[in-house]
Amino acid sequence: MSLKRSDVERVAHLARLEVAESDIAEYARNLSNILGLMGQLEAVDTHGVKPMAHPLDAVQRLRADVVTETDQHEQFQAIAPKVADGLYLVPKVLE
Amino acid sequence: MYTKTIAQLAESLQKGEFSSEELTRTYLDRIEKLDSQVNAYVTVTVEQALAAAKAADARIKAGTAGPLTGIPIAHKDIFCTDGVRTSCGSKMLDNFVAPYDATVVSRFKEAGVVMLGKTNMDEFAMGSSNETSYYGAVRNPWDLNAVPGGSSGGSAAVVAARLAAASTGTDTGGSIRQPAALCGITGLKPTYGLVSRYGMIAFASSLDQAGPMAQSAEDCAIMLGAMAGFDERDSTSVERPATDYRVGLNNPLAGLKIGLPKEYFGEGLDADVARVVEAAIAEYKKMGAEVVEISLPNTSLAVPVYYVVAPAECSSNLSRFDGVRFGYRCEDPKDLMDLYKRSRGEGFGPEVKRRIMIGTYVLSAGYYDAYYLKAQKARQLISDDFKSAFEQVDVIMGPTAPTFAFNLGEKSDDPVTMYLSDIYTIAANLAGLPGMSIPAGFVGNRPVGLQLIGNYFDEARLLNVAHKYQQVSDWHSRVPKAFE
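The listed protein sequences correspond, in order, to chains B and Y.
According to my numbering, the first sequence holds residues 45 to 139 in order.
According to my numbering, the second sequence holds residues 3 to 486 in order.
For reference, chain B alone in the conformation it holds in the complex (with noise of 0.2 Å):
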């Protein structure tokens, strides 16, 4: 499994992720490698083998549909890049 320049790319988009022009053939080069490692699973048989997801045979635990966290909202925009009146702002979204 090769990856060209243009894979690079849509990955990168689909993952946010700004890579400089000069980095991508280095990245096509090294996920390719790894894709590559990867590919000897094809080889292996896993008919009728049912997908494992967690290590152990464990269900989702449920709680009790009541409030058990308190408001901290300030302590926790105190770290963030830009806040105002308890709002979180980003750039312009809709003109």
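Hints listed in this document are in silico derivations from the structure and should not be mistaken for laboratory results.
Treat the hints with caution; some may be incorrect.
Unchecked claim - Below 30 Å or equal to it, Euclidean Cα-Cα: the simulated BS3-like pairs (lysine-lysine) are:
(1) Y/K336 with B/K136
(2) B/K126 with Y/K93
(3) Y/K259 with Y/K389
To be verified - Selected chain B positions facing chain Y (in silico; Cβ < 8 Å):
(4) V55
(5) A56
(6) L81
(7) V88
(8) K94
(9) P99
(10) L100
(11) A102
(12) Q104
(13) A108
(14) Q119
(15) I123
(16) A124
(17) P125
Quantities reported herein were computed from a predicted structural model and do not represent experimental measurements.
Don't be surprised by glycine CBs; every beta carbon is placed ideally from N, CA and C.
Chain Y: place on chain B using the hints.
Relative to the frame of chain B, chain Y by itself:
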């Protein structure tokens, strides 16, 4: 006093041979004098440490001290620490002062532990050499030209260099055991779910597990007692009765069945490392253990499965770093897309970006079945191998890593070669089993680790098996020349 184990330090503190404040100052002085050689600390918390030491001394005086009260340790910088920068080795979180404590951190605080600081690590725990940190590489205290292993490289180095009595680490594919092996210390990755992951910055949530790193198995037992336990804030935390892991440390090993997977002693294993590991296993035979060859036939699939599953989970977990709520934000974003892309592009280093992209790729439309679903099925096969093995044996042994510590820069150009450093440790994470690395000897001046893998929740037995070896060997108590 800095060469003592936790168990010895606790005794000295109890007897009043020295105070926690004196002990803490000793470590802080050593850190100031010696850490620049290894670059193992990212943050040293002098004031908090001294305040905690004074509080511990008061507890000791009042007779309310536990086995960890007043013991100075370091936390891997992946654990959130209230009011203290928690960088995860990344530019993305260089400005992040955590607003709360991880459960592991708060449990240690309750036990009266003194935090000396936060240790360097591979960025977001992604690496096997501690060379991907935003704060520069960590060096191996045994040989400053060598890597300490990763990703908990700083945590391993501070214990080896006696710049802390012990440390915490996390292990997603070997990140406690491999650096423990390369730095000549003892490290334990518990069963998945035993230690809370709350406040531990997530990398791959179905694999991540926190554990102790210390000089000895006895110290790991003491630490695990404080770390383990149910936490309702971690949905994968397991409810089990509390265990005193020290109780069975001296149980005799006569009749213990040790399995040696033939796949762990084949091609790719350094011949000198093999000799050291075999000599350690011979000691177990002398103690009455029975050694049998076993097979884990799907061993070769562990690395490829891991490099599908871990990046897939990482690409999802790391989507939270978006430059909006906390962490790094790029200068003058022109629109929201630019804000996301440049904040992430500038905030993450190359290895993290590679893994996010691989993860995004294997989860993207058209590739999910071929990679992710296939890997989850192969993961089941790996897990089944262990299930059959533990029907025959009590504990599995082998090398922790295929080689001793390699030189800085030696593997950093080729991710795939680097990934193979974790070939013997990854399978335990995929299966969710507990694993340990204990010092077993040296090749030249570079340490070698013996790996022990146990059945689910069999940490007490692993610690017993490790402790008995440490009663007949002294590798774990050796100190690198430059740090004596």
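- Hints broken by the structure, by number, lowest first? 13
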